[in-house]
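Got chain A; can you put chains B, C and D on it based on the hints?
There are 4 protein chains.
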Amino acid sequence: MSIKAGIIGGAGYTGGELIRILINHPSVHISFIHSRSNAGKPVTDVHSDLIGDTSLEFTSEIAQDIDVLFLCLGHGESTKFLRETSINPSIKIIDLANDFRLRKDRKQPELNREFVYGLPELNREAIKTASNIANPGCFATTIQLGLLPLANTGVLKEIYTTGITGSTGAGQKLAATSHFSWRANNIQAYKTLTHQHLGEIGESLDQLQPGTEIELSFVPWRGDFTRGIFISSTVTTDLSLDELYVIFEDFYKEHPFTTVSRAPIFLKQVVNTNKAVIQLEKVGTKLVIHSAADNLLKGASGQAVQNMNLLFGLDERTGLNLKPAAF
Amino acid sequence: MSIKAGIIGGAGYTGGELIRILINHPSVHISFIHSRSNAGKPVTDVHSDLIGDTSLEFTSEIAQDIDVLFLCLGHGESTKFLRETSINPSIKIIDLANDFRLRKDRKQPELNREFVYGLPELNREAIKTASNIANPGCFATTIQLGLLPLANTGVLKEIYTTGITGSTGAGQKLAATSHFSWRANNIQAYKTLTHQHLGEIGESLDQLQPGTEIELSFVPWRGDFTRGIFISSTVTTDLSLDELYVIFEDFYKEHPFTTVSRAPIFLKQVVNTNKAVIQLEKVGTKLVIHSAADNLLKGASGQAVQNMNLLFGLDERTGLNLKPAAF
Amino acid sequence: MSIKAGIIGGAGYTGGELIRILINHPSVHISFIHSRSNAGKPVTDVHSDLIGDTSLEFTSEIAQDIDVLFLCLGHGESTKFLRETSINPSIKIIDLANDFRLRKDRKQPELNREFVYGLPELNREAIKTASNIANPGCFATTIQLGLLPLANTGVLKEIYTTGITGSTGAGQKLAATSHFSWRANNIQAYKTLTHQHLGEIGESLDQLQPGTEIELSFVPWRGDFTRGIFISSTVTTDLSLDELYVIFEDFYKEHPFTTVSRAPIFLKQVVNTNKAVIQLEKVGTKLVIHSAADNLLKGASGQAVQNMNLLFGLDERTGLNLKPAAF
Amino acid sequence: MSIKAGIIGGAGYTGGELIRILINHPSVHISFIHSRSNAGKPVTDVHSDLIGDTSLEFTSEIAQDIDVLFLCLGHGESTKFLRETSINPSIKIIDLANDFRLRKDRKQPELNREFVYGLPELNREAIKTASNIANPGCFATTIQLGLLPLANTGVLKEIYTTGITGSTGAGQKLAATSHFSWRANNIQAYKTLTHQHLGEIGESLDQLQPGTEIELSFVPWRGDFTRGIFISSTVTTDLSLDELYVIFEDFYKEHPFTTVSRAPIFLKQVVNTNKAVIQLEKVGTKLVIHSAADNLLKGASGQAVQNMNLLFGLDERTGLNLKPAAF
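Residue numbers (full-length UniProt numbering), protein chains in the order written: chain A, 1 to 327; chain B, 1 to 327; chain C, 1 to 327; chain D, 1 to 327.
Okay, chain A solo, but in the shape it has when bound:
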């Protein structure tokens, strides 16, 4: 099979990662990479690490003879784009922004499209039969993977989460906090208790553990690295560590990209891969769940391709056996 794919917003970080994956995907042909500001330029002018790998150029045209369209736009811009641009209804859409993630946004009668929240570990069966995917956020993915088995067991109540993210999580726009002189060797909290991913996390937990008011206090930190998210969530539970490990291992046993580890995990285990790792530790009644993922891959473009694979009946892992950076 050859899936014809188009990319909107190919000059950004998630667009670039998508291209890096898709040019080596055995079942995908990239039909076009759209970028308004770079139309006509070689893709390697922007993603210069692809030198020697591709001679594709950015285009301002949007071909309609494609099977899937990836939207790699800023948050809020996907809706605008779909309203202004006629897209053949038979084309499946995978949106990497936050436009269609929440329940209230998933049905879009005006666009004549309905979106499924694309976290395969939560919604794999629904994704397989979906036409449109709302790809989860990076923090949302990594936090949820640490909590879903507990929600599924019905034991969540109060959660205290700290997470740290690399600079690519903030996109490529220049800002004081993305200046190397500031960010190198630095740590800062931001959006304390108010991060925009809290909504989608809450809805997923509610999907598995409905009827409980689950309180999630999340403190995100900016880290002095480029890729990856590391999370530690603390909850209270009487379940034993062994029982908990069994619950987690059962929950993920059919999910190839999420691994439960009984050895200490660390961020670089998953950098430059589509994998997530989870580790549990318990003292008294306090359980700490550590989880890690690459914000641009499992947290964005890798998961988008995983979703595409599911949408088109491919093995979930196709094109996603990425060599870890490791160091």
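None of the hints are false.
Pairs of lysine-lysine residues, derived as BS3-like cross-links and limited to a Cα-Cα distance of at most 25 Å, are as follows: (1) D:K157 <-> C:K282; (2) B:K4 <-> B:K80; (3) B:K157 <-> A:K286; (4) D:K286 <-> C:K282; (5) C:K286 <-> D:K286; (6) D:K286 <-> C:K157; (7) A:K253 <-> C:K41; (8) C:K191 <-> D:K282; (9) A:K157 <-> B:K157; (10) B:K253 <-> D:K41; (11) B:K104 <-> B:K80; (12) B:K282 <-> A:K157; (13) C:K191 <-> D:K286; (14) C:K4 <-> C:K80; (15) C:K253 <-> A:K41; (16) A:K128 <-> A:K4; (17) D:K157 <-> C:K286; (18) D:K173 <-> D:K80; (19) D:K128 <-> D:K104; (20) A:K191 <-> A:K104.
It is worth saying that the hints were derived from the structure and are not from the lab.
Chains B, C and D alone, transformed into the frame defined by chain A:
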């Protein structure tokens, strides 16, 4: 005044920082720097950044005509050292290890010495009249500074703390987790809920808020930087943010090294200084207290000199107006 | 075709990278991964980023029904290993150490083997018909790629080269200069003018430009990053920049992993890939050639697989379309 | 003595470093810190690491009852500023930009001022009696310190220099190459053979070794750290390493901030200090001179204060005994 100071364990990280401070301290003369393994070598053989600044050599002798002795040894080694080495009773001792920090360890009848827990923001008056100081741990210092005003108000109950520390916090011994190839761009949790500083933190909170069982769940992380600690602690309280800021500002108003900031703080504000910064954020009933300090300075050798200044009646800040690294 | 491969020394950095590549190589089956010190342990105990990707275990056995054996041992240990271990003569050997790189070491009558210097851009035809490969050094590869077209044109005389390498270039053994606290944010020269790769570079230049005494002054630096080598070599020539670009582009036009760039190159263009990039700049008679490669891939394990592909008649690129780390 | 100092351009990197030094300088009172864009704001709004250290505010006024005025403006803006702003002729000026460094720019009849090139190791006596100082560039300082003793011996002819600089060398303006995601773990050459500091270096070498056409091929690199410059220069000479060390040690023996080291030097030896270190290595006729300095201190604001000390008859080191960052 000229205080004659001796240093035991001058080849390690805290010993080195102490030397860096004391060679520019206007009221201190370094009598000797003891290092068993480096005796006879120039100090700059080990601390080569001091090239051009000092011609001191490490010694194996311990002169007794000094006023103060700093112990910069590994944890547990201070007790051993003092048992095996006769130190003139008139010499004040400042111990940077964890040997004498806990209540049960402060009175040492065998050594004929009694130690005061040397956190000036908690015990300044007691320090001024003390003879021996147990210098607090680095995580302990930074976490406590974020919590003391709340303990003093009597509102603490459950605390969820995440902290991140630089590589110098683990000392200079070689280990898999201190290898550059591993630690660069990496994050890992360690000693989850079991960090050895929990004891001293608990006792300090109990000193200000006695009779409450305060639960502190602390998840420490290894960070990919060399210096500094950043902490976010989450607690539940009905006090308003304004009330809380007033409480914190009042608590620290006479303490020159701890500043309460209404602007967002970040780690590099305090790197290479003896300062700590604190910021508060509140959403609903959840209060997050961020705090940051340099683990080798306010968290170790800088605070040791601050304590020395207090012991000898000097202005607390003498010799500690350090230029921030800033970048 | 399925090539059966064995790996000796699978616990080190180059062994790990080789595993990372080979587990996804479509034409290779890993028969065994030998590690004396780790025999019986899962490979993921050492290379924990492979969690979820492989259930292979290190072995102490060396199976003889394989097609190719990779030696990922310390320098000097390959000779010792081959002398002490009987290896079926039909098994091809690819040695990643420096044991057989120099002319004087390539014929090994005692071992009944003859090695070809495995730089495909220099010796591709010879590699295709070889039985044993001496895989080039990392600095040697990156420096040579910047100089071979000039040697081929016969214009080299005096070369001034500075290069910087990541921490993985020094292997995983612990050392003062591999401690994170030392190496972070640091730069140091080492092996100034005496680097062990000068020999193989000199012989390659002599192969293309025989009879000239070419002087190469090489200053290597330790960099504060984990992966990659960046080189700037300065030479004197009357050829114009345009002529030079044509010479370089011609030289590499059939070589898929080495790209000549007219835009400014940078290290991260090639990190986590098997690619090398080259850029030229000229002012007056001075030509500066910049080149960059990943020391563990094009500079070691990636090139080893490229050589294996050539040895077995596969497309050079098989299994080496690696997603760049990019950030 | 109390020197009254004004600062123009106090919001930038060099302005900030100057403030960090001067607020602890025992003989200086900061009269004002001028910043057009920040007038009225606390200095800590911009330089937030100074929290707790100063309550100064940026001003738009320029008081005339000062002794010295530091210009911390962009290159080319100092001339403009002095033409547009009346400055009392008795006020000494120290310019940190490149406006007055070259011979042709040092005499400014229109401004009625004459500048001395402020490299104390070259021009200390002239600085002591000067009224206006052109403070050297950061690369210029570090490269010259490695070459001046050779120029003084009259042996320079061809010099091949590579240097690497931290991100603060490029100032605080946002740019693609200052984005953390790009610069982290990266290396790139820039301004190859055309760096703007070549002029001032050439004039200094000519001052000590007049009449020789000295060729300096300089390749600057961007490094993935914030502070510091590391240089390796290669020259050809028949002098022995011992003779050379004596020449260097003699040249710098009265200069407190420049140290010749017979042990290997590294960048972090001098970070956050006003010091420079130099090391020599020789193989055959090739001599490599390594030198390192902090670009913001010995390469900018620290040297500016050193020059101020000389201008006002103070010990050169006053206020410049800075604790090294060390890690």
